[in-house]
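Visitor: Now for the letters of each chain:
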Amino acid sequence: MLKYILQRVALALAVAVVLSFVTFLLLNFATDPAYAIAGEDAEPEVVEQIRKTYGFDRPVLVRYAEWAGGVLRGDFGESYYWNKPVAELVADRAPVTLLLAVMSLSVTVVIALPLGIVAALNPNSALDRMALGIAVSAQAVPNFWLGLIMIILFAVQWRLLPVSGDATLMHFVLPSIVLGASSVPAVMRLTRTGMLDVMESDYIRTARAKGFRGAALVRRHALRNALLPVISVLAVQLGAKFSGSVITETIFAINGLGRLALESILGSDIPTVQILIFLFAIVFVAMNLLADILNAALDPRLRIA
Amino acid sequence: MKAYTCLAATAATLAVMAAGTAEAGAADDTMRVAFAEEILNLDYNYTTKREYIILSDLIDEGLFDYDPDSNEYIPSVATGYTYLDPTTIEVTLRDGVTFHDGSALTAEDVAYTYNFVISEPSEAQAKGTISRWLKEVEVIDAGTVRFHMLEEYPLAVRDMANRVQLRKAGTYDADQAAMATSHVGLGPYRVVSFEPGKEVVLQAYDGYFADSPKQPVAIGNIVIRNIPDLGTQQAELMSGGIDWMFKMSRDVAEAMGASPTVDHVVSTDLRIGFLILDAFGHTDAEGPLTNVTVRRAMNHAINRPEIAEFLMGGGAQPVYAACHPAQFGCDQSVARYEYDPEKARALMAEAGYADGFPLELWSYRDKPIAEAVVANLSDIGIDVSLRHVKLASLNEARANRDIEAYFGTWGSGGTPDSAAILRVHFNDTSDRNMSNNPEVTELVLAAEVTTDQAERKRLYSEALSIIADQAYWVPMVSYAQNFLVNAELDFPVYADGLPRLYRASWK
Numbered sequence: 342m343l344k345y346i347l348q349r350v351a352l353a354l355a356v357a358v359v360l361s362f363v364t365f366l367l368l369n370f371a372t373d374p375a376y377a378i379a380g381e382d383a384e385p386e387v388v389e390q391i392r393k394t395y396g397f398d399r400p401v402l403v404r405y406a407e408w409a410g411g412v413l414r415g416d417f418g419e420s421y422y423w424n425k426p427v428a429e430l431v432a433d434r435a436p437v438t439l440l441l442a443v444m445s446l447s448v449t450v451v452i453a454l455p456l457g458i459v460a461a462l463n464p465n466s467a468l469d470r471m472a473l474g475i476a477v478s479a480q481a482v483p484n485f486w487l488g489l490i491m492i493i494l495f496a497v498q499w500r501l502l503p504v505s506g507d508a509t510l511m512h513f514v515l516p517s518i519v520l521g522a523s524s525v526p527a528v529m530r531l532t533r534t535g536m537l538d539v540m541e542s543d544y545i546r547t548a549r550a551k552g553f554r555g556a557a558l559v560r561r562h563a564l565r566n567a568l569l570p571v572i573s574v575l576a577v578q579l580g581a582k583f584s585g586s587v588i589t590e591t592i593f594a595i596n597g598l599g600r601l602a603l604e605s606i607l608g609s610d611i612p613t614v615q616i617l618i619f620l621f622a623i624v625f626v627a628m629n630l631l632a633d634i635l636n637a638a639l640d641p642r643l644r645i646a
Numbered sequence: 007m008k009a010y011t012c013l014a015a016t017a018a019t020l021a022v023m024a025a026g027t028a029e030a031g032a033a034d035d036t037m038r039v040a041f042a043e044e045i046l047n048l049d050y051n052y053t054t055k056r057e058y059i060i061l062s063d064l065i066d067e068g069l070f071d072y073d074p075d076s077n078e079y080i081p082s083v084a085t086g087y088t089y090l091d092p093t094t095i096e097v098t099l100r101d102g103v104t105f106h107d108g109s110a111l112t113a114e115d116v117a118y119t120y121n122f123v124i125s126e127p128s129e130a131q132a133k134g135t136i137s138r139w140l141k142e143v144e145v146i147d148a149g150t151v152r153f154h155m156l157e158e159y160p161l162a163v164r165d166m167a168n169r170v171q172l173r174k175a176g177t178y179d180a181d182q183a184a185m186a187t188s189h190v191g192l193g194p195y196r197v198v199s200f201e202p203g204k205e206v207v208l209q210a211y212d213g214y215f216a217d218s219p220k221q222p223v224a225i226g227n228i229v230i231r232n233i234p235d236l237g238t239q240q241a242e243l244m245s246g247g248i249d250w251m252f253k254m255s256r257d258v259a260e261a262m263g264a265s266p267t268v269d270h271v272v273s274t275d276l277r278i279g280f281l282i283l284d285a286f287g288h289t290d291a292e293g294p295l296t297n298v299t300v301r302r303a304m305n306h307a308i309n310r311p312e313i314a315e316f317l318m319g320g321g322a323q324p325v326y327a328a329c330h331p332a333q334f335g336c337d338q339s340v341a342r343y344e345y346d347p348e349k350a351r352a353l354m355a356e357a358g359y360a361d362g363f364p365l366e367l368w369s370y371r372d373k374p375i376a377e378a379v380v381a382n383l384s385d386i387g388i389d390v391s392l393r394h395v396k397l398a399s400l401n402e403a404r405a406n407r408d409i410e411a412y413f414g415t416w417g418s419g420g421t422p423d424s425a426a427i428l429r430v431h432f433n434d435t436s437d438r439n440m441s442n443n444p445e446v447t448e449l450v451l452a453a454e455v456t457t458d459q460a461e462r463k464r465l466y467s468e469a470l471s472i473i474a475d476q477a478y479w480v481p482m483v484s485y486a487q488n489f490l491v492n493a494e495l496d497f498p499v500y501a502d503g504l505p506r507l508y509r510a511s512w513k
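Chains as they are written, first to last, in my numbering: chain S, 342 to 646; chain Y, 7 to 513.
Check the hints yourself; a few may be wrong.
To be verified - Derived lysine-lysine pairs resembling DSS-like cross-links, with alpha carbons at most 30 Å apart:
(1) Y:K373 - Y:K253
(2) Y:K204 - S:K393
(3) Y:K174 - S:K425
(4) S:K393 - Y:K141
(5) Y:K55 - S:K393
(6) Y:K220 - Y:K55
(7) Y:K174 - S:K393
(8) S:K425 - Y:K204
(9) Y:K220 - S:K393
(10) Y:K253 - S:K425
(11) S:K425 - Y:K55
(12) Y:K220 - Y:K204
(13) S:K344 - S:K393
What the hints assert, rightly or not - What follows is a list of derived Cβ distance ranges for each label pair:
(14) S:A432 - Y:T150: 43 to 53 Å
(15) Y:N442 - S:A432: 48 to 58 Å
(16) Y:P266 - S:L354: 57 to 67 Å
(17) S:A351 - Y:A381: 56 to 66 Å
(18) S:A432 - Y:S199: 19 to 29 Å
(19) S:L639 - Y:P266: 51 to 61 Å
(20) Y:D73 - S:L366: 48 to 58 Å
(21) Y:E201 - S:L639: 41 to 51 Å
(22) Y:E292 - S:L366: 51 to 61 Å
(23) Y:G226 - S:P455: 50 to 60 Å
(24) S:V482 - Y:T267: 24 to 34 Å
(25) S:V482 - Y:P266: 26 to 36 Å
Derived from the structure by calculation, the hints contain no laboratory data.
Computed from a predicted model, the values in this text were never measured in an experiment.
All residues carry an ideal CB built from backbone N, CA and C; glycine is no exception.
Here chain S stands alone, though its shape is the one from the complex (with noise of 0.2 Å):
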C-alpha cells in the first residue's frame, strides 16, 4: 500500500513539474505581464518601468531556472499581481475555498443521496422520474445563472441572506447550494444505479428473508456496498470543488483560490497562477488517492487484492 500511495505521489508531482513549465511558457508567450500589471491607460514609460522593475525583460527560460530553483528552496515567489508572496497568499485564500468545497460537498450528498436512494427504491415510479427530473435540470442550469436567481431571490426580493461577501457562514450558505448543485445529478445516478445493482443481489434477498424491512434493510445492508462507486465520486467532486469554483466565488465576491486564480491569470502573475495551478494537480491527485483509501477500508475485498 505504502509502495502504492509514493507511486501516486511521485505521479502528481510530476504532472504538476510539467504543468508548471507548460503554464509558464503558455502565459509569457501569449501576453505580456508588464502591460497587463500597467493597466489599459498606461504610458510606455510606465510599461518599461514595470518590465525593468519585474525582470520581464529577461530570457523566459532563465526565469522559469530561477522559479524553479525557488520552489526548491521554499521559496515560492512574490505575486506582481498582490504584492506579497504567493505562499502566504494561498496560505490565506485556502481556508476559505476548503470551508466552501465542505459545505458544497455536504448540499451535494444531502440532495443527491436521498434522492438516489428514493429513486432506487421506487424505480419508474413518479418519485424515480421526479428525482431524475431533479437531477436533470440541475445538471442543465448553469452555474452563474443558477447564482444570480438565488441572489435575486434570496438576497434582494426576500432578503434572508447576504448578496456577496464571505465574512460569516451565512456568505457561504448560497454559494454552497451553487456550487453544490452542480454535482448532485453525478451522485445521485451513481447512488441510483448502485443502490438498484444492491437491491437485486442474493444477500439482500437473504436479508429479506431474515424479516429485514424499509430503512433498516437499506441502512445496515444495501447502503454499504452501494456507496462503494459513490465514495469515489465524492472523493473527486471535493477536489473538483476545490479548485473549480472559479465562477461561484466570483459571483458571491468570495476571496478563495479560485477568485484568486481567475485574477491570477487575467493579471499575468505567473507565480500565482504556477503555485495554484501545482497545488490543484496535488489536490486533484490526493482526492483520487483518498477514494481508493476509502474504498479499500469499506471492501475487504478490495484490500485482499
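Since chain S is already given, all that's left is putting chain Y on it; use the hints.
Guide: Same frame as chain S, but now just chain Y:
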C-alpha cells in the same frame, strides 16, 4: 406540523442573521462603494489604473489639485508656484497641513518624495512620468521648495497635482512597499483597515486642512468593497448592501435607474474612442490602408452621431480630431469627415477598391461599438472580421506590428491637455504610432518642451491638421460614464468623468 415548525424557525433564524449584515445608507453615515477591480496597494505612487486614482483622491494629496469646473490646476498643499526660469519652478507650501498620524507636512517631506521617486532604486510607477522632466527638488526654506527640471515641460504642474502623492521623509528608505498596506497620507480620509482584494475602510480625517479645495467633506465613513461581478454589485445595490457602483453599460444603468431606490447618474468623460489605421504599412507595405483615399473613405463611413447617441448616450459627442474637444490644444477646425456612405463608396472606387478589401479589425472593449464600426465599414464594401481580444493580447500584437487596424480608447488620465493623448500615440518610440510621420512626431514633442501656451496651441493645431488631412485615425466619439447610486445619496459629477467620492453627501 413539526416539519413546518422547523421550516419556520429556520427561516426566522436566517432572517435575523441576515439582518445582522451591513446595510448601506445615511443611518451609519457610511457610504459603501463597489469596485470590480481589486485594490491591492494603497500607494498611488506605485500604481496606475482608475480605481487607484479614485482611492488616492480620498486618502492622498499632491501639491496641487485639478479643478474640473475651471479646467485649471489650483492650490492645494501648495499655495502657488512661480517659474524662476523656464526650467526652475518655485513652489510655496501651506501651513497647517498634517499627515494622518498628526505630524506636520514639511518642505523636507516634499523634496524627499520627489527625489525618491526619481532615484535609481525607486520602483515607483510614477518614476516613468516624473523622471522624464525632473532633475531634483531642493528645499529652500520651511515653506518653499524648488523644482529643477531637465528641460522645459509644460505639464509639470499637472504631474505635481496628479502623479505624485506626498509622503513623509524616510517613508521608502527601509521598504518601498511601506505604504502599500499601511497608509499615512494627507487626504480627507484616513485608512482604518485594508484587506487587499477585499475591502478598504476609510474614515474622515478630523485634522484635514480647512483650506483644501476638496472641502467640505460631508460623509463620515467610506467602505470600498471589491465585488468582481457587476451583476452581484447590482444585487448589492438593490438590497442596500452598497450605495455606489460604476463601469456598467448604459442599458443596464438605465434599467436599474428606473428603481425608486437607485439613481442613474451620467457624466461626460475625457475618454475618446477611435480607430487607428496602419497608414505606414507595417503589416503590408502596399496594403489598402497606406492609401490616404481609402482612409478618408473609412472616415466617411462611420456614423459617429448615431454611435454617440444610441450606443454611448449621456452627453457623448462625435469627435473629429485625435483628441478630446475639452483638452487644451485640441483644434476643432481640422478636416471633418461627416457620415456619408455614398461619398465613402465613391472614394473607395477612386482608390481602386470598388469591390472592397479584407480587413482584420482588433478591439478589446465596448464590443457593441466595435460591431457598429464593422457594420459601417461593411456598408462601403470592406470585408471586416472583428478580432475582439483581451487588452494584453492586443498590446502584444500591436508591439509586434501585427495589427492593421484597431478600435482603441484613451482617457488621458483625466488630463485636459492634448499632450496626454498625442505624445503616447504619435511619439516615434510608441507602437501606438502606426502612421510614423516624423513631422507629426516633431510637432507633438516640440509642444512639450515649451511653456509658451500660444506656441503649444499652434504646434498641436498643425499636428492635428496633418493627422486629420492624412486620415491616420478615424476619431469617433467621446465617452460617457454611468454611475448607479443609492437614491439617498447626492453624487455630483464632473466633465472629466472622474468620480470624486469626497464630494458625495446624504440628501
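Visitor: Does each hint hold? Answer for all of them.
Guide: Hints versus structure:
1. Y:K373 - Y:K253: 14 Å, holds
2. Y:K204 - S:K393: 29 Å, holds
3. Y:K174 - S:K425: 23 Å, holds
4. S:K393 - Y:K141: Holds, because 21 Å separates the two Cα atoms, which is no more than 30 Å.
5. Y:K55 - S:K393: 19 Å, holds
6. Y:K220 - Y:K55: 21 Å, holds
7. Y:K174 - S:K393: 26 Å, holds
8. S:K425 - Y:K204: 15 Å, holds
9. Y:K220 - S:K393: 36 Å, violated
10. Y:K253 - S:K425: 28 Å, holds
11. S:K425 - Y:K55: 19 Å, holds
12. Y:K220 - Y:K204: The given pair, whose Cα atoms are some 27 Å apart, holds under the 30 Å limit.
13. S:K344 - S:K393: 47 Å, violated
14. S:A432 - Y:T150: 43 to 53 Å: Holds - the Cβ-Cβ distance for A432 (chain S) and T150 (chain Y), about 49 Å, lies within 43 to 53 Å.
15. Y:N442 - S:A432: 48 to 58 Å: This hint holds: roughly 50 Å between Cβ atoms.
16. Y:P266 - S:L354: 57 to 67 Å: At 59 Å between Cβs, range holds.
17. S:A351 - Y:A381: 56 to 66 Å: Cβ of A351 (chain S) to Cβ of A381 (chain Y): about 57 Å, so the range 56 to 66 Å holds.
18. S:A432 - Y:S199: 19 to 29 Å: 20 Å, holds
19. S:L639 - Y:P266: 51 to 61 Å: 58 Å, holds
20. Y:D73 - S:L366: 48 to 58 Å: 50 Å, holds
21. Y:E201 - S:L639: 41 to 51 Å: Given range 41 to 51 Å: holds, Cβ gap about 43 Å.
22. Y:E292 - S:L366: 51 to 61 Å: 35 Å, violated
23. Y:G226 - S:P455: 50 to 60 Å: Holds, since G226 (chain Y) and P455 (chain S) (Cβ atoms, about 51 Å apart) stay within the stated range.
24. S:V482 - Y:T267: 24 to 34 Å: Cβ of V482 (chain S) to Cβ of T267 (chain Y): about 29 Å, so the range 24 to 34 Å holds.
25. S:V482 - Y:P266: 26 to 36 Å: Holds, at about 31 Å.
Violation of the numbered hints given earlier is confined to hints 9, 13 and 22; the remaining hints are satisfied by the structure.
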